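**Student:** Based on the hints, put chains P and R in the right spot on chain Z.
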Amino acid sequence: MAPVATPFFFYLLSGLALISGILVITRRNPVHSALALILTLLALAGIYLMLYAPFVAGVQIILYAGGIMVLFLFVIMLVNVGRAEKERQFNKQWLLAIAATVGLGIVFVRVFTSSQTLTELLKRPLAQLPETSNTQQVGFSLYGQYMLAFEIASLLLLVAIVGAVVMAKKRI
Amino acid sequence: MSISTFVIVSVIKIVIALAVLLTSVAYSVWLERKVLGHIQNRWGPSYVGPFGLLQPLADGLKFIFKEDLTPPHVHKALYIAAPMLSVICAVSSIAVIPIGNWVDVAGLHIPLEITDVNIGLLVILGITSMGVYGVALAGWSSNNKYSLLGGLRASAQMVSYEISLGLSLIGVLIVSGSFSLRQIVDAQGGRFWGFVPRWNVFHGQEVAFFIYLMSAYAETNRVPFDLPEAETELVAGYHTEYSAMKFAMFFMAEYANMITVGCLATLLFLGGWHGPIVGPPLARVILPVFWFGLKVFGFMILYIWVRGTLPRFRYDQLMAFGWKFLFPLAVANLVVTALVVAVRA
Amino acid sequence: MPDNYFAPYLPLLMHFLAACLLAAAIVALSAILGYRKPTRAKLSPYECGMTPLGDARERFSVKFYLVAMMFILFDVEAVFLYPWAVILRDLKMFGFWEMLVYIGIVLVGFVYIWKKGVLDWGPSRARGRG
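Protein chains in written order, with my numbering: chain Z, 1 to 172; chain P, 1001 to 1345; chain R, 2001 to 2130.
Derived list of chain R stretches under chain Z, where covered just means 3 residues or more per stretch with a C-beta under 8 angstroms from a C-beta of chain Z:
no.	segment
1	2062-2073
2	2077-2089
3	2108-2119
Each computed EDC-like pair below joins lysine to aspartate or glutamate, with the alpha-carbon atoms no more than 16 angstroms apart:
no.	chain 1	residue 1	chain 2	residue 2
4	R	K2063	P	D1316
5	R	K2037	P	E1067
6	P	K1324	R	D2120
7	P	K1013	P	D1104
8	R	K2063	R	D2120
Just so you know, the hints here were simulated from the structure itself, not pulled from any lab data. All of these numbers come straight from a predicted model, not from anything done at the bench. Glycine residues also receive a C-beta, built at the ideal position from the N, C-alpha and C atoms.
Only chain Z is shown next, with the shape it has when bound in the complex (with noise of 0.2 angstroms):
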């Protein structure tokens, strides 16, 4: 049987990440704008499980929506949110962001339409993308191939770990 509807839940999902994507950063109140980003994450997360792979959307969610935006969400119900509101947004940069969006928007294009393995990717029969092990694919190459990088990623977390006390560490 062939997939159902793939293109309506594409569109679905990526409609959903845009709008809630914008309506990140056009909320005046800092709680809908986490919430917002929250969606986003999700509909990313739809994404990816249709890009078959699930390991990943699963991780997206446990991570990004139920992790960080946890701690987004910490910090935000803290503040006086109804000061914050009334505050006028102080920076104009709305030029530089423009150009900075626009030329990352380039660099995709590029890369998309003239990078050679995407073009065979794209040739490649969807159906025959395996699915049953992508979490043991996903673990072959990484504490295979990419071990170094998986151990180097300890580190990383040593470092956020010290820098986090660090930061707070005159409130402790």
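**Tutor:** Using the frame of chain Z, we list chains P and R on its own:
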């Protein structure tokens, strides 16, 4: 099976699962009140129906007709969304929980669960991690000091114990080699020396089982970890400002989460639906479901027994227990399990 | 069961939508059937009968942020262990040593936060230091 049959079968399974879950939630409350009553030498509910069996129905009706108060000082949208979020997260996780073998009905080969997802365990962990938002948003949106402090405490507690919970599952993953809950249960079939069931809890995962149970109690905010709603101190914690059905929804979410924890403990450590199976083909379908239900029931009784027995932790004790005891223990258990498995492989 | 990668996720989506519907139905039912008779005292924030004092959103202990941050870092560690656990039987002893190094480095951080008193919530002992 064509796509339309598949959808129809799924809808039937979802309706049955939701009905069973909601009934179980209602009767868990009854069971808790009854057992707690007997522990404290009282009768518990006994007026409404025989043995008070219609009490959950009466409670439900009462909740619906109570005054649905939305105070003006709350953030209205989030105030309403928070209990909904709690219920949605609590109810969603049962979608990937298998309760028995496959059955053949009218020529269709159907698994006894809503869906057998390959990353079942990750789905449950993901939904659990989203459950924090219901509590945190309820505390914040209420705009009340007790609520905010209760919500903050509850979220900090839930995230702290989530790590030990996640680490305690790794031993099971090593033994079964899969995230699929069905495969995890299948890996626990058979017996050691002919009579000891090959369940994970008898398979070197005793410590992991203990850690899982402790962290799960803390995750569901139950005694002895029920500080977020410590009534002597914080009135009702994050649901201080809630009334009527919205308050009942937090209650429903708590009991649904307890049931999910019982199901997951059964699947991961107690061999799921494995048990003595004898008799005609029909019994071979029903008995596994019965064993599964019995084990989950045992966990509910344990929850209630603990509530009737233990006092509450102090907040610093709670954090110290999670971080300084459970976390190192989980890491040690993980290293030992990995060593044994790696040496044998 | 249709033999398709997306097939198992369709019932999951349906179940999620059913859960949303259920939650919305409960809220709606309560809002329609419940009676309303608001009074001024009923609508004020609950503070044990006192007149509410100040705003609810006060400043809170920095510990809460620190715990949330530690949670993320150790959660990342745990998530890295999941795919490893699933394939440990194939990695054999190599996988074990690889993970021991990884856990060892992260545990150095754990010992550090323990010594720094990040995990102490008690009133006196930890507050003076740091």
